[in-house]
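S.K.: Taken in order, these protein sequences are the chains called R and E.
Under this note's numbering, the first residue of the first sequence is numbered 41, with each subsequent residue one higher.
Under this note's numbering, the first residue of the second sequence is numbered 31, with each subsequent residue one higher.
Bear in mind the hints are in silico, worked out from the structure with no lab data behind them.
You can take every hint at face value.
List time: in silico DSSO-like cross-link candidates among lysine-lysine, alpha-carbon distance up to 30 Å:
| # | chain 1 | residue 1 | chain 2 | residue 2 |
| --- | --- | --- | --- | --- |
| 1 | R | K214 | E | K64 |
| 2 | R | K214 | E | K93 |
| 3 | E | K93 | E | K115 |
| 4 | E | K40 | R | K200 |
| 5 | R | K214 | E | K40 |
| 6 | E | K93 | R | K171 |
| 7 | E | K93 | R | K200 |
The model shown is predicted, which means the values in this text are computed figures rather than measured ones.
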Amino acid sequence: MMETTSQADISLEALRAGDRAEFARLVDAYSAPIYRLGLRMLGNEQDAEDVLQNTFLSALTHLSSFEGRSSVLTWLYRIAVNEALMSLRRGKPEVNIDDTDSSDDMDNMLPTQFVDWGALPENVLLSVEGKHALDRAIQNLPENLRTVFLLRDIQELSIKDTADSLGLTESNVKIRLLRARLSLREQLSVYYGERINQEKIND
Amino acid sequence: MTESSHSNCKSLLGTLSDYVDGELGAELCREIEKHIAECEDCRIVVDTTRRTVDIVHASNYPKTDLPDEVRDRLFKRLNLAAYLKPSSK
Chain R
41 MMETTSQADI SLEALRAGDR AEFARLVDAY SAPIYRLGLR MLGNEQDAED
91 VLQNTFLSAL THLSSFEGRS SVLTWLYRIA VNEALMSLRR GKPEVNIDDT
141 DSSDDMDNML PTQFVDWGAL PENVLLSVEG KHALDRAIQN LPENLRTVFL
191 LRDIQELSIK DTADSLGLTE SNVKIRLLRA RLSLREQLSV YYGERINQEK
241 IND
Chain E
31 MTESSHSNCK SLLGTLSDYV DGELGAELCR EIEKHIAECE DCRIVVDTTR
81 RTVDIVHASN YPKTDLPDEV RDRLFKRLNL AAYLKPSSK
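Pulled out of the complex, with its shape left as it was, chain E reads as follows (with noise of 0.2 Å):
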């Protein structure tokens, strides 16, 4: 990405989450699409941002859940207690 004839790569950055995130429109994603066919560090960095992404994403899941102790001191914290039925969990 150093080399003068990568002009495009430094460009290709600022557009890439939008990219990875399926929010680019159709003419730059073509754009981007022909310069990582012929840009091998721009391939690597765009597949590997996506895939970043993608574990994030994966990773996030099961969500924690509220524990039942914190959600009972919270309503008592708040002089909620009267409203403390059974979480719907």
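Bound-form chain R, shown alone (with noise of 0.2 Å):
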């Protein structure tokens, strides 16, 4: 959800003025969401700081050049996952941000596991080891279905938002958040699937 201060509350005029104390206001308002977006992108504190860093340091550089046609805290997180993209880069030249998808056909999300976990307990779910086997399946989705993920479903952004801070279409972050979804559902599957058959097998 939203923090606790919102976008109305903070004057782009005052910002756009040099208003050290707005500034400040702003920070205080968005730098846990961003903080967090860091964490998740980037799995440990040491970056996730540097990407908060980054992010409000451009914010400052480029407040002149930003038109107000986004939200605030939208503008924020593209800078932010910009940020956290290029220190992924860095860190693996490998890394592909090409944002070119070829797989958005339904083809490739055809579901192949059909373990009915759904019904266990939420104590097994979101037990310490539940929740490992959730971050493993969020870690392994490919970079363009995470961020997207990361934004709408961890962050909470609306689907409006999220395509606006990424610069996609609405229809592209849509798709994107199913294959992300349908992913983490397929991989949840094989765990929960795995954790059953050990289950009968012990009876």
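Mind assembling these two chains? They're in different frames, but the hints should get you there.
M.R.: Laid out in structure tokens, this is it:
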């Protein structure tokens, strides 16, 4: 959900006029979600902190060119995602951040796992092991799906704000979100399928 | 989902995200519900997709706060140390 300070409370005019106190308020309003995004995208606190600092340094530099067509938060997310992707690229030169999506047709999404684990209780699904399985599955998502998934399902942006943050169309966001969710479902189905089988063997 | 009689399964997939988010129109919802009443594989896919999204949202709380020392360093880096009042947490 949105953080405690809504964007309506931040004056773009004051920011553009160089009002330091207003910029400090902007930082306090949005630094936590930006930091969490960095943590999720990069997986460690140091890199997340670098993304956080670079995002607001960049925002400070480019405030004058921010036209206010998107929300301030969406704009900050766009900067943060670019910072995080640059950081990933530095660490792993082979990371593919090419946005051309040759695989947006449905054929690659057809489910292959039909384990009926949906009725497992929450104390299993949200156990430490269950959360680790989920985290691993998220880490396994290809970058172009993971970024969409993180903004929409973890940061809880709307489809439109996710699209604006990434410079994608809403329909592209929707299809990537679906692919991400189906991939997570497949991976969790394998994980819980093995657990269910194991319990049957042990019984 | 591979049998020829299951030609609806693939089209169902395209509306799955909207369905689990509660953003699908009533008529399409009825179509899905009619289909999954007859197609066990699709019923499982719909149930486990919904469950996947549920646990993603549930595991997202409590949200990580910005650590105080990270906030301190951020304010200093941005030359905002003068505004480094205690956070409202």
